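Heads up: the sequence lines are chains S and R, in that order. Numbering follows numbering that gives the first Met the number 0, with no gaps: position 174 of the first sequence is 173. Numbering follows numbering that gives the first Met the number 0, with no gaps: position 469 of the second sequence is 468.
By construction, these hints were calculated from the structure, which means they are not laboratory data. Treat the numbers as computed from the prediction; the structure is a model and nothing was measured. For each residue, glycine too, the CB sits at the ideal point set by N, CA and C. Do not take every clue at face value.
[Stated by the list, open to error] Interface residues of chain S toward chain R, partial, derived using beta-carbon atoms under 7 angstroms:
| # | residue |
| --- | --- |
| 1 | Asp26 |
| 2 | Ser27 |
| 3 | Glu32 |
| 4 | Tyr161 |
| 5 | Leu172 |
| 6 | Tyr174 |
| 7 | His215 |
[What the hints assert, rightly or not] Derived lysine to any residue pairs resembling SDA-like cross-links, with alpha carbons at most 25 angstroms apart:
| # | chain 1 | residue 1 | chain 2 | residue 2 |
| --- | --- | --- | --- | --- |
| 8 | S | Lys230 | R | Gln242 |
| 9 | S | Lys230 | S | Arg158 |
| 10 | S | Lys230 | R | Gly287 |
| 11 | S | Lys230 | R | Asp328 |
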Amino acid sequence: MQTPGHTDMQTMDRPGTSLAILIVEDDSQVASEMAASLELEGYVVSVVDDGLVALDLAAAQGFDVMIVDRMLPRLDGVSFVRALRTRGNTTPVLLVTALGTVADRVVGLENGADDYLVKPFAFDELHARVRALKRRSRDGQDEPTRLACGALDMNRLARRVYWEASEIDLLPLEYRLLEVLLMNAGRPVTRMMLLEQVWGFRFDPRTNIVETHISHLRSKLEAAGAQRLVKTIRGAGYVIDPDPGPTPA
Amino acid sequence: MSESPRPPPRAFGSSQQIWRRPGIRLAVLQVVVILAAFVVAGQVARSEIQALSERTFRREILGEMSSLQDEILRQGESRLPRTIERRTRLWRGFEYDLVSSKGEVLGGRLGTPEGQLGWQIVPGRGEWGQGKTFLAYAQTTPSGAWLSVGKNLADVQREMRLVTWRLIGAGLIGALASLAAWMIFAQETWRRLARISDTAHQVRAGSLAVRVPHSEAHLADDIDDVGLAMNQMLDRIGGLIAQLRQVTTDVAHDLRTPLSRMRQKLERLERSARLATEDRDSVSAIHGDLLELLRTFDALLQLSEIEGRNLSEDGVVLDLEEVARRVADAFRPDVEDSGRRIQIETSAAWVQGDPDLLAQLVANLIENALRHTPAGATITVGAGTFDDGVRIWIADNGPGIAPDQRKAVLAPYFRLDRSRGSPGSGLGLSIVAAIAARHNADLSLSDNGPGLKVTARFTRPDGKVTQTAGPKARR
């Protein structure tokens, strides 16, 4: 896999690092809006409106993440991903679809897509997913046995969490929530991603499940002395960050 | 909705009641007709045989009579008593009577009544004649004596009984043979009907791709026509579903693309620094309305997807206990923060199904309970294996739903008058009903005394109770 720009592990998560993203989307308005929002985040974005052209481009040039529409002229998104994987290209692919059916998602993922997003989506959702895909491509399949953030230390073999020396007693769901946040430390994780990864829900319950669990987790962390570790990013989701800056409203 | 859901449909060929099989009554009728025909034929044959034997008897008797007459002519009548005595002793199958004109018995033991000439039936007399009936012919001799020759009809009757038994035997063998031949034919017919029935059950269970198999071995008959008609019907249904799917896909695509642009522009506008505060509030409100619209749109699409979906393709074996606990645990903080309680009472409950959809079923029902109960209420989430299938249930002790409205709440967009002011798309319970239907589960709403209890009972597509991989329910 070609990964241009992957020189500094610390700086690559910050905006300003020029990471290459390929958008394959036939609706020019949607494509340009997506491109504009991603460019604002500091990515270098290429846009193509045709699956076959995209396939050639992917072979010629390395991208960090590809955002591919499910329905494309000539070569549709699923066939594109399958062709890409057949050629040994492992670049993470986010499949974007207007269909949004369960069967469609399953077909997409089975054919080699890494994530799946239903139109219309919030840009924050798109950004968070792209960041998570980028991390996955960098980390590969390695699952670290320990996760840390500042003085917070999670031992995944013993399933225990410590703040400095004292252990924090967490319920299984709170542990899993913290684990997902820690795996994405420094990057916002959206409510939808948490629903998928913590609860295994592919639907949106119209209640405050995520908010309530976050607030319970937060109060346990704060009781142990970890102040303002889990921050809410309005509209975007949650982030765990060792920097104890002011929590946005 | 009742607590005792309708019995699952019976698969063809599993019937223990042979009387319900097609053609069996006709077959029985056929056997009865064959036996009746044999009885009639037997009766006819009997009378024919009887008439025939009687004719033979008469001929024999007349022959014997003329032989006696010859004796008289040759040797004179005086020797006749001795001849009769000899012939009786030697017994050639005839009985005789010789009575002189004065009424004196000269020989024989037949006991023909006096004065009657010609053919007559003579009942046996005394101990010797018990149970015997004779056919006799009486004549006068040249001297005026009374001579009669008779033959026992019991021999004929014995022969007749023999004939009757043979006829009954032949009739039974004929009936059994015809029954056996019919069974061989009927088995094949039943097998072919069973194939049509199996196909219908598989379609009901969700595999729309199956077709009635047809063989080229025999000439096409009515059953082949039924199978063919069913296959054509399935082709048509398949075509309509594909068309509906295509329309749904097109509508989803054609609506989502402009909605995507709209949402993107609203997001950008909302973040724009140039916007006045009140304008920003309006944009936020529009954005919120758009999201609400998208939720309803998604719910509708999902409803049509679940209803048109082939479950057998993506069903996995899973434990509803795990699903119930996972979802209930997810909701627990929310429920408790709202001043309600959630309790879990589950045991192993293995079914085949879609884990995402089943989690949504539980979640929608918990949300529903949360929305329609006052603070302080208790929501119970349960799952387990019972004699009549695997069940999952969500119950509350809130106001409940009146019995006459229980079925209506499952219809899309139905909302009880008292819930009209509260948020919700009105599709939550419809999605629950669709998910249950997709899993061949009976959904029932019942009184929890007080409150509402919603139960989904899972049975296998063939109507049998879902097999359990775990221990029996504790309850």
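Okay, the hints, checked on the actual structure:
The beta carbon of Asp26/S is positioned within 7 angstroms of a beta carbon in chain R (closest approach about 5 angstroms), and the interface hint is therefore held. For Ser27/S, the interface hint is violated, since its Cβ never comes within 7 angstroms of a Cβ in chain R; the closest pair sits about 10 angstroms apart. Checking Glu32/S against chain R: minimum C-beta separation of about 4 angstroms stays under 7 angstroms; hint holds. With 7 angstroms as the threshold, the beta carbon of Tyr161/S stays out of range of chain R, its nearest partner Cβ sitting at about 23 angstroms, so the hint is violated.
Interface restraint check for Leu172/S: the shortest CB-CB distance to chain R comes to about 6 angstroms, inside 7 angstroms, so the restraint holds. Annotation: Tyr174/S was flagged as interfacial toward chain R, and the flag is violated, the nearest CB pair being 12 angstroms apart, outside 7 angstroms. A least Cβ separation of about 6 angstroms between His215/S and chain R falls short of the 7 angstroms threshold, and the interface hint therefore holds. The suggested pairing of Lys230/S with Gln242/R is violated, with an alpha-carbon distance near 48 angstroms, which exceeds 25 angstroms.
With a C-alpha separation of about 23 angstroms, the suggested pairing of Lys230/S with Arg158/S holds against the 25 angstroms cut-off. For a cut-off of 25 angstroms, the pair hint linking Lys230/S to Gly287/R stands: about 23 angstroms separates their Cα positions. Only pairs whose Cα atoms come within 25 angstroms are accepted, and Lys230/S paired with Asp328/R is accepted, the gap being roughly 23 angstroms.
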